[in-house]
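Top to bottom, those sequences are chains A and B.
The numbering used here runs 50 ahead of the 1-based position in the first sequence.
The numbering used here runs 50 ahead of the 1-based position in the second sequence.
One thing to keep in mind: the hints can contain errors.
You can't tell identical chains apart in this list, so a pair holds if it fits in one copy or across any two.
[As the list claims (entries may be wrong)] In silico SDA-like links for lysine to any residue, alpha-carbon gap of 20 Å or less:
hint	residue 1	residue 2
1	Lys-226	Gly-323
2	Lys-119	Gly-75
3	Lys-119	Arg-153
4	Lys-263	Asp-147
Bear in mind the hints are in silico, worked out from the structure with no lab data behind them.
Number of protein chains: 2
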Amino acid sequence: MGDDGAVIDHFGRQTVLSTDLLIEGIHFDLMYTPLKHLGYKSVIANISDIYAMNATPTQILLSIAISNKFSVEALDEFYAGIYAACDKYDVDLVGGDTTTSQRGFVISITAIGEVAPDMYVKRDGAKVNDLVCVSGDLGGAFLGLTILEREKKIFEETGAQPDLENRAYIVGRLLKPEARKDVIEYFAEHKITPTSMMDISDGLSSEMLHICKQSNVGCVLYEDKLPLNEDSKDFAYKLELDPTACALSGGEDYELLFTVSQADHEKIAANNGLSIIGYITEAEKGKTFITRGGNKHELVAQGWNHLK
Amino acid sequence: MGDDGAVIDHFGRQTVLSTDLLIEGIHFDLMYTPLKHLGYKSVIANISDIYAMNATPTQILLSIAISNKFSVEALDEFYAGIYAACDKYDVDLVGGDTTTSQRGFVISITAIGEVAPDMYVKRDGAKVNDLVCVSGDLGGAFLGLTILEREKKIFEETGAQPDLENRAYIVGRLLKPEARKDVIEYFAEHKITPTSMMDISDGLSSEMLHICKQSNVGCVLYEDKLPLNEDSKDFAYKLELDPTACALSGGEDYELLFTVSQADHEKIAANNGLSIIGYITEAEKGKTFITRGGNKHELVAQGWNHLK
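Chain A on its own, in the form it takes in the complex (with noise of 0.2 Å):
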């Protein structure tokens, strides 16, 4: 800190590079959104990209933009989630500045991360009969901010405060997600390379449509390989919400979405945190859904917004 820009050592290594812009009102919302989880958040979302290249981040830069309103406490608290995340995660808050407003609260991170040479992923390596997998459980996320956008409007209405009783496993899914490090070291352990891989930040349907644009290729996603948590489950079906599309289109749970080689197919099914969904094909064959009553439909990135 203290100088124009950061020195870091690499001999052998390659850098990789991740930039997030996140701004009040359209990627958080400060109303019910603890300015400590903000901070851990955003820089588990900067990292979560720098992991989905099978890299270790290793430093942030962090510029803030706030206005006057903001108080020296408001902004401690942020920064104490801003430590907790790298600390957990050990990355090194190297530089970046804070600088005034007009309006809102805007936040820009940059993460540096290394990996060995070329074992980078990116998303254009998916070959066909691949197996597609993913980490973790999908939907949580999504879940959490349909109850907290719920809350927000009955407080905004009545008055009353939130009732999230026994919904914190989706409500923590939302703000406080964590990214997969333990994935990319069991990776590391078990030699696994993956011949594609993102985060999962927009719905799984829509990144699964990005490798698979990038890879030129196709798949076939099954209903019933879908990894949900019972909570999510149960909460889905409370709203008359339907557990698969918050799944597939259901943003910000930054799990990893991965192909791998079929003869990494043990080594995958081994760790219980991971689920295999599906396999690539050839892209002529497009991409597939199959619901769990057998009907094929075609994958569709629908977003956020169709689910509410």
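For this one, chain A is given, so just place chain B on it according to the hints.
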């Protein structure tokens, strides 16, 4: 582009990073800043920080947030400026993204540079008796801003079109600054390693005090040594502003402020584009500014607002 991050090779080099967050209404005014110039200047401001570490910028990441009022043509103009600067300074745009803002234009740029190991220059290396030097001339960008703000006010009050006749130099200093790549190249060619360096984005006084603080030294600067452009002086007098005050407190000139050992005196003096404006003293002697009339003042950072 198209991946979560960018991959860069490094073998036996050091990586330098710099990040800037620019907010409409705070850092720029679209009423008198053509978008192409804004794009150009955004890159310049950022890579100037890299040169200020005696390093060479190689890549930038650019993220922007725009409201839906922004047209495709406007965005094209902005990117034309970005690419023009990238071309001129041989820098690649390797990543970033575009997102939505509710109001206003937000620009986040991160520059990556490289430097031979241990050749980078920080702010904390100035030594007693070192020469204090600057590139180019100072105060022009502030005066350019002053005339544009004045014409904006006249336009808002009377509808009269801006009268910028004969003010091309100072308006150009504000709207189309350049980064001092040539100075870094001169250092390399003549084997000069500055002991400390910064770019002048907030004004000479403010930057000089940063170097003094971080190097734990004092300084003496001479008014009659400050490099002033004739057009800048002429316009300052017309406004009854002191050109010296503009040079000390006006920002955004993006010139380099640096210190060198006295052994490099001849090499610096041989370059007409560089000025020796003072020298470094023990910290106890304070920071002194000596006027043309021989009066001694304490050097203070007053900032732009003081001038208005």
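Against the structure, the hints come out as follows:
Taking the closest pair of Cα atoms, Lys-226 and Gly-323 come within 20 Å of each other only inside a single copy of the chain (18 Å); across copies the shortest separation is 53 Å, beyond that limit. Taking identical chains as interchangeable, the C-alpha atoms of Lys-119 and Gly-75 lie at most 20 Å apart whether they share a chain (16 Å) or sit on different chains (17 Å). Within a single copy, Lys-119 and Arg-153 get their C-alpha atoms as close as 9 Å, and across copies as close as 18 Å, so both meet the 20 Å cut-off. Only between protomers do Lys-263 and Asp-147 lie at most 20 Å apart by alpha-carbon distance; the minimum there is 18 Å, versus 37 Å within a single protomer.
When each numbered hint is compared with the structure, no violation occurs for any of them.
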